[in-house]
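J.: Can you join these two chains into the complex? Each is in its own frame, and there are hints to help.
Protein chains in written order, with the numbering used here: chain A, 1 to 355; chain B, 1001 to 1239.
Among the hints, erroneous ones may be present.
[Claimed, not checked] Residues of chain B clear of chain A, computed beta-carbon distances all greater than 10 Å: (1) V1016; (2) G1069; (3) R1170.
[Claimed, not checked] Below, in silico cross-link-like pairs of lysine to aspartate or glutamate (DMTMM-like), each with a Cα-Cα straight-line distance of 25 Å or less: (4) K1221(B) <-> E1177(B); (5) K1129(B) <-> E221(A); (6) K1129(B) <-> D1109(B); (7) K1112(B) <-> E21(A); (8) K1088(B) <-> E1177(B); (9) K1135(B) <-> E21(A); (10) K1112(B) <-> E262(A); (11) K1112(B) <-> D12(A); (12) K1129(B) <-> E205(A); (13) K1129(B) <-> E21(A); (14) K1129(B) <-> E1162(B); (15) K329(A) <-> E1132(B); (16) K1086(B) <-> E1132(B); (17) K1129(B) <-> E1177(B); (18) K1088(B) <-> E300(A); (19) K32(A) <-> E16(A); (20) K183(A) <-> E21(A); (21) K1221(B) <-> E1027(B); (22) K1088(B) <-> E221(A); (23) K1135(B) <-> E171(A); (24) K1221(B) <-> E1132(B); (25) K1135(B) <-> E300(A); (26) K1221(B) <-> E1162(B); (27) K1129(B) <-> E16(A); (28) K1088(B) <-> D1021(B); (29) K1129(B) <-> D1204(B); (30) K1112(B) <-> E205(A).
Everything labelled a hint here was simulated from the structure, so no lab data went into it. The C-beta atom is built at its ideal place from N, Cα and C for all residues, glycine as well.
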Amino acid sequence: MAMSQTPAGAPDSALEAARAEPLHPPMTGRQKILGVVAAVALVAYPFVFNAPFPQHVMIMIFLYGTMAQSWNIMAGYCGQISLGHAMFFGIGAYSSAFLFATYQISPWLGMLVGMILAMAAAAVVGLPTFRLRGHYFAIATLVIGESVQIVVQRWDFIGAASGIWLPIVRENQWANFQFHDSKIPYYFIALGFLAVACLAVRHMERSRLGFYFRAIREEPEAARSLGINITLYKSLAFMLSAALMAMAGTFYAQYVLVVDPEVVFPLTLSILVLLMAVMGGVGTLWGPLLGAAVLIPLSETTRILLGGTGGAVDLMIYGALIVMICLFKPEGLIGLVRHWLPSHAVKKEAGHGDA
Amino acid sequence: MAMLEVEGLTKQFGGVVANNDISFQVEEGEILGLIGPNGAGKSTLFELLTGFYPPDRGTARFQGRSILGLRPDRINRLGIARTFQKLKPFQAMTVAENVMVAAMQHSADPHKARAQALEALHFVGLLEKRHEHAKGLSTGQRKRLEMARAMATRPRLLLMDEVTGGVDQRSIPGLIELVGRLRREGTTLILIEHNMQVLMSLADRVLALHLGRKIAVGTPKEIQNDREVIESYLGAAYA
Chain A
1 MAMSQTPAGA PDSALEAARA EPLHPPMTGR QKILGVVAAV ALVAYPFVFN APFPQHVMIM
61 IFLYGTMAQS WNIMAGYCGQ ISLGHAMFFG IGAYSSAFLF ATYQISPWLG MLVGMILAMA
121 AAAVVGLPTF RLRGHYFAIA TLVIGESVQI VVQRWDFIGA ASGIWLPIVR ENQWANFQFH
181 DSKIPYYFIA LGFLAVACLA VRHMERSRLG FYFRAIREEP EAARSLGINI TLYKSLAFML
241 SAALMAMAGT FYAQYVLVVD PEVVFPLTLS ILVLLMAVMG GVGTLWGPLL GAAVLIPLSE
301 TTRILLGGTG GAVDLMIYGA LIVMICLFKP EGLIGLVRHW LPSHAVKKEA GHGDA
Chain B
1001 MAMLEVEGLT KQFGGVVANN DISFQVEEGE ILGLIGPNGA GKSTLFELLT GFYPPDRGTA
1061 RFQGRSILGL RPDRINRLGI ARTFQKLKPF QAMTVAENVM VAAMQHSADP HKARAQALEA
1121 LHFVGLLEKR HEHAKGLSTG QRKRLEMARA MATRPRLLLM DEVTGGVDQR SIPGLIELVG
1181 RLRREGTTLI LIEHNMQVLM SLADRVLALH LGRKIAVGTP KEIQNDREVI ESYLGAAYA
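Just chain B, with the same shape it has in the complex (with noise of 0.2 Å):
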C-alpha cells in the first residue's frame, strides 16, 4: 500500500477548475516533485491534503486512512506536515521558541519541548540563531526555519512548497541537501520545485499539473523531455 493514495481529486473556486480530477500515489521514503506553470494547480492540491481547502471530490488516503475534510491540525497530527509558499514563521517569537510551538505537540513540557526545538534547529542549520527573533531572517533561513518547525512535529510526510524559491544562488546548494538529509532521516516528501536542476537532483519521481490537470509523471529524466510538459511551459512552437 502507498504511503499516500490521491483519487480524483477536484476542485473548482467558481468557474475555474484548479485540480481537476487529480490521482497520484506516494511511497514511502520517495521524494516525488510537482511542477508545472503558474496557475496549474500545484498550490490548490497542497492546500486540499493538508486540510486548508475542502474539496469538491475525489479521496485522498494518507496510510490508508481517508484524511479529506479533516481539519489542517488534524491532518497534521495523523503525520503529514508543510512548509508555505509565502512563508510564516511566528514574527515575534524567537526562532527556538518558533520550533517549540511545533514541539509541544509531543511533550507539553517546555524544557523537553527546547530540547527537541534545539535538535530540530541544530539539523537545519540554524542553532546560532536561536535567540533571534525570526522577523530579523533571512529568506533562506525563514525556509530552514519552516522546515525545522514542520520537521519537530515529527511528520511521516512532509510537503514542501518552494523549497529554493525566492532564494539567493549561493543558500541553494544547502537546502538541497538539506532536504536530501529529511530523506535520509525517513521522512516521505512532495516538493514543489521550479528549477528543474534541483528536482533532478532530488525527486525520485515527478508529477506534472497544467491547468489543473495532471499531465505527465515519471522519473525527472522522462519529464523533462515529455512533450505536452515542454509544450505547458513554452507554448507548442518549442514542443
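Here chain A stands alone, though its shape is the one from the complex (with noise of 0.2 Å):
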C-alpha cells in the first residue's frame, strides 16, 4: 500500500526516526561481561570439579535444559500445551540404541534417525490433535504419550519391557558416542546439544516462524485472519520441538546405555520437563535453562541424601515451588533475573512470559 496520505498524527519525521531503531536492542557492557564470564565458567567447570558428581549433576542440567527448552519452543512460543513429549525423547533413544545394538550403526547416525521420526511422529500426532484447542490438546498430547509406551512394553522386536542394552565398545569412543575413561566429553556434547536448542530458538524467536509462533499462542483466530497457516505452523513448532527432544533422546541412552519404556517414556519426564520451563518462565530463551539449573540440583541431592526413595520428596519439593512460583513470580524465576538484571533488551521481551 502506498501510504501518500498525511497521516493523523505524528510527523513524518518521527517515522523516519522510528525506522533508524535497531530491530535488537544491542547487548549492554554487563551482559557481554556476563556472556564471557558465563562461559569461561562451563568450559573450565568439569576441570575444576574433576568428581563424577558434580559432572554428573551438570550434565543433568544441560540434557533437562534442553528439553526444557524444546517444550518452550511448542508451549512457551507457540502456546500448545503438550503432556507427551516424553514419547518424542523415548523415539530419539530407541532409534539410535536399537541401530547401533542391532546393525552397529553409529549413534550419531541413529540420532539423525531418531529426530527425524520424532518429526513425523509430531506431524502424525498433530494432524488429528491440532484441532482441539488449550486442555483438550492437553490431554490428548497426554493419552498418546501413554499409549506410545504401552504399546512400546509390548512391542518384543525393541525389546519390550527390558529394553535395549547398547553394547559396550572401549575403542573409537566418539565414533561410538561411549566414553568409559571420564565423564567430561559427555558434559561437552551434552553442552553442545544446549547450545544448539538455546541457538535454535534465539533464531526462531526473531524470525518469522517466532512471530508466527507467538501470534498463534495470543490469538489464532487473528492469526488466520492475517493469512497465518496456524495449522502448518503449528506443525513446524511441534516438529522443532520433537527433534530436539529426539536429540536429547539419544544423548540418555549413550549416557546410562541402556533403554526401556519406564525410563524414557514416562509421563513423569513430561512433567518434570513442563515443571522446569514453567518455573523458569515459558515464552522465554533464559527460562528454561534457569528451571533446569534450579531444579535438577535439588532433585540430585535429594535423591543422595535419602536414597532410591528421594525421588518423591523431590517431586514433593517442586510442587512446593510451583505453588510459590504461581502464587507469586506467575512469569517464572526469570521475572527475578530480570529484576536484578535490567536492560534494554529485558524491558522490550518483558511480556512474552504469560503464556
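T.: So, in C-alpha cells, the structure goes:
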C-alpha cells in the first residue's frame, strides 16, 4: 500500500526516527561481560570439579535444559501445551540404541534417524489434535504419550519391557558415542546440544517463525485472518520441538547405555520438563535453562541424601516451588533475574512470559 | 465485473437461519455499509466471507474467483482482510510486533516487515505506541491497531466490524477520517456500523439486513427513509 496521505498523528520525521531504531537492542556491556564469564566458567567447570557427581549434575542440567527448551518452543512460544513430550525423547533414545545394538550403526547417525522419526511422529500426532484447543490438546497428547509407552512395553522386536542394552565398545569412543574413562566428553556433548537448542530458539524467536508462533499463541483467529496457516505453523513448532527432544533422547541412551520404556517414555518426564520451563519462565530464551538449573541439583541432591526413595521427596519440593512461583512470580524465575539485571533488551521482552 | 459478487448466501445454526439467501455486489473502490439490528446476521456474513464459518448454500466471488469454503488464511492471501468485532490484538506482543506479523506475509525479513509495519502504524496514528504492549491500549487505539494490522496484509477489500462501537465520542471523528483515508488509498471497504451518522458520512451504499434477510439496499439517504428498515429497528408503530 502506498501511504501517500498525510497521516493523523506524528510528522514524517517521527517515522524516519522510528525506522532508524535497531530491530534488536545491542547487548549492554554488562551482558557481554556476563556472557564471557559464563562461557569461561562452563568450559572450566569439569576440570575444576573433577569428580563424577558434580559433573553428572551439570550434565543433567544440560540435558534437561535442552528438553525444557524443546517444550518451550511448543508451549511457551506457540502456546500448545503438550503433556506427551516424553514420546519424542523415547523415540530418539530407542532409534539410536536399536540401530547401534542391532546393526552397529553409529549413534550419531541413529540420532539423526531418531530426530526425523520424532518429527514425523509430531506431524502425525498433530494432524488430528491441532483441532483441539487448550486443555483438550494437552489431554490428547497425554493419552497418546501413555499409549506409545504401552505399545513399546509390548513390542518384542525392540525388546518390549526389558528394553535395549547397548553393547559396550571401548574403541573409537567419539564415533561410538560412548565414553568409559571420564564424563568430560559427555559434559561437552551435552553442553553442545544445549547450545544447539538455545541457538535454534534464538534464531526462531527473531524470524518470521517466532512471530507466527507467538501470534498463534496469543490469538489464533486473528493470526488466521492475517494469512497464517495455523495448522502448518503449529506442526512446524511441534516438529522442531520433537527433533530437539529426540536429540536429548539419544544423548541419554548413550549416557546410561540402556533404554527401557519405563525410563524413556514416562509421563513423569513430560511433566518434569514442563515444570522446569514453567518454573524458569515460558516463552523466554533463558527461562527453561534457569528452571533446569534450579530443579536438577535439587532432585539429584535429595536422591543422594535420601537414597532410592528420594524421588518422591524432590517431586514434593517441586510441587511446593511451583505453587510459590504461581503465587508470587507467575512469569517464572526469569522475572527475578530481570529485576536484578535490568537492561533495555530485557524491558522489551518483558511481556513474553505470560503465555 | 464487481469486485465481490455474493449470490444466495445461506447459513443456518440449528433452527436459526442467520443468513437467508443474501445476494449483493461490491464495486471496486466503494464503501458499502452493513446495518441491521442485533441478530440481523451482519457478523455471520463477515464470518462466511472471511472463511471462519462454512456456508450452507450460495456463492461468493472475489475478483471473479470463488472464495466460499476456503480457509481464512487463504482468503486473506487472496486480498480480503478483516477486523474483529471483539478485538483480538496479540496482547503480549508490542504494537509494532503486532503489525509485523501481518507484514511478514509479504516479506519474511523482519527488517523489511518492520519498515512496513511502522508505515502502517504511522498511517493509523499509532507510531508513538510502537514499543508498548497491545494489552495497554485503549479501545480506540486497539481499533486502529487492528486496522494497521489488516492493512499491512495489503488487502484489496477490507471488512470492518463496528468501527466506532465501544469507542468514546471524541475518538469517533478520527476513526471516520481514517476510514476515509483508507478508501482514498484505493481500498474497497465493507463496514458494519450502527451509527447512522457515521454511515451517512462514509458509505456510498448501505445494505440493510433483518433476521438474516436482505431487506433493502441503496444510498444512505434512501435507507434512512426506508419503511422496512425503520420498522426493523423500531417496530411497525414508528414506520
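J.: Each hint should be assessed against the structure and marked as holding or not.
T.: Evaluation of the provided hints:
1. V1016: 22 Å, holds
2. G1069: Nearest chain A Cβ is 15 Å from G1069(B), so the label holds.
3. R1170: 13 Å, holds
4. K1221(B) <-> E1177(B): Distance ~20 Å between K1221(B) and E1177(B) Cα, so the pair holds.
5. K1129(B) <-> E221(A): Holds. K1129(B) to E221(A) sits at ~24 Å (cutoff 25 Å).
6. K1129(B) <-> D1109(B): Cα-Cα ~22 Å, so holds.
7. K1112(B) <-> E21(A): 13 Å, holds
8. K1088(B) <-> E1177(B): 22 Å, holds
9. K1135(B) <-> E21(A): Distance of about 23 Å is within 25 Å: holds.
10. K1112(B) <-> E262(A): 49 Å, violated
11. K1112(B) <-> D12(A): 18 Å, holds
12. K1129(B) <-> E205(A): 22 Å, holds
13. K1129(B) <-> E21(A): 14 Å, holds
14. K1129(B) <-> E1162(B): Holds: K1129(B) and E1162(B) sit about 23 Å apart, inside 25 Å.
15. K329(A) <-> E1132(B): Within the cut-off at roughly 22 Å; holds.
16. K1086(B) <-> E1132(B): Satisfied, since the Cα-Cα distance of roughly 21 Å is no more than 25 Å.
17. K1129(B) <-> E1177(B): Roughly 20 Å separates the two Cα atoms, so the pair holds.
18. K1088(B) <-> E300(A): 45 Å, violated
19. K32(A) <-> E16(A): Judged against 25 Å, a Cα distance of about 30 Å means the pair is violated.
20. K183(A) <-> E21(A): Answer violated: K183(A) to E21(A) is near 46 Å, above 25 Å.
21. K1221(B) <-> E1027(B): 19 Å, holds
22. K1088(B) <-> E221(A): Holds - the C-alpha atoms of E221(A) and K1088(B) are around 8 Å apart, at most 25 Å.
23. K1135(B) <-> E171(A): Cα-Cα ~59 Å, so violated.
24. K1221(B) <-> E1132(B): 42 Å, violated
25. K1135(B) <-> E300(A): 41 Å, violated
26. K1221(B) <-> E1162(B): 20 Å, holds
27. K1129(B) <-> E16(A): Holds - the C-alpha atoms of E16(A) and K1129(B) are around 15 Å apart, at most 25 Å.
28. K1088(B) <-> D1021(B): Violated, at roughly 30 Å.
29. K1129(B) <-> D1204(B): This hinted pair is violated, its Cα atoms lying about 33 Å apart.
30. K1112(B) <-> E205(A): Distance of about 16 Å is within 25 Å: holds.
Consistency with the previously given hints fails for numbers 10, 18, 19, 20, 23, 24, 25, 28, 29, ordered from lowest to highest.
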